[in-house]
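So for the sequence shown, my numbering puts the first residue at 273; every next one is plus one.
It should be emphasised that the hints constitute simulated quantities derived from the structure, not laboratory data. You may find that some hints are simply not true.
[Said to hold, decoys possible] Straight-line Cα separation of at most 25 Å, DSS-like style, residue types lysine-lysine; simulated pairs:
| no. | residue 1 | residue 2 |
| --- | --- | --- |
| 1 | K281 | K303 |
| 2 | K281 | K308 |
| 3 | K299 | K281 |
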Amino acid sequence: MKRVYANEKWCIGCLTCILVCPYGALKQGEKGAVQKCELCLENSCGSPACVAGCIEGIKSVDKDTKITVISAENHPVYCRPLISYYLENKTILDKMNYRDADFNE
Numbered sequence: 273m274k275r276v277y278a279n280e281k282w283c284i285g286c287l288t289c290i291l292v293c294p295y296g297a298l299k300q301g302e303k304g305a306v307q308k309c310e311l312c313l314e315n316s317c318g319s320p321a322c323v324a325g326c327i328e329g330i331k332s333v334d335k336d337t338k339i340t341v342i343s344a345e346n347h348p349v350y351c352r353p354l355i356s357y358y359l360e361n362k363t364i365l366d367k368m369n370y371r372d373a374d375f376n377e
């Protein structure tokens, strides 16, 4: 699976990539260029925390990689890349982007 990186030197700030990213992994930086979380590209499990925690659709992108579920719930909470910030103690639980209880109905 190829990793996607945001190149701030080439970015013109149109933000189209933010609109089309199916994972919500991009944000606008302070200087207007797009940024992507890269806190844990080389962590101990071999995948970024957001990939390990993505329950929704990562298998459609990479069908050969094992998904690690980090919740014992039937329908684990869904959060986008903030999970890596939470695991690194850089954000609080209240700022996590959870799905509604009826999401799977």
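Could you work out which earlier hints the structure fails to respect and list their numbers in ascending sequence? none
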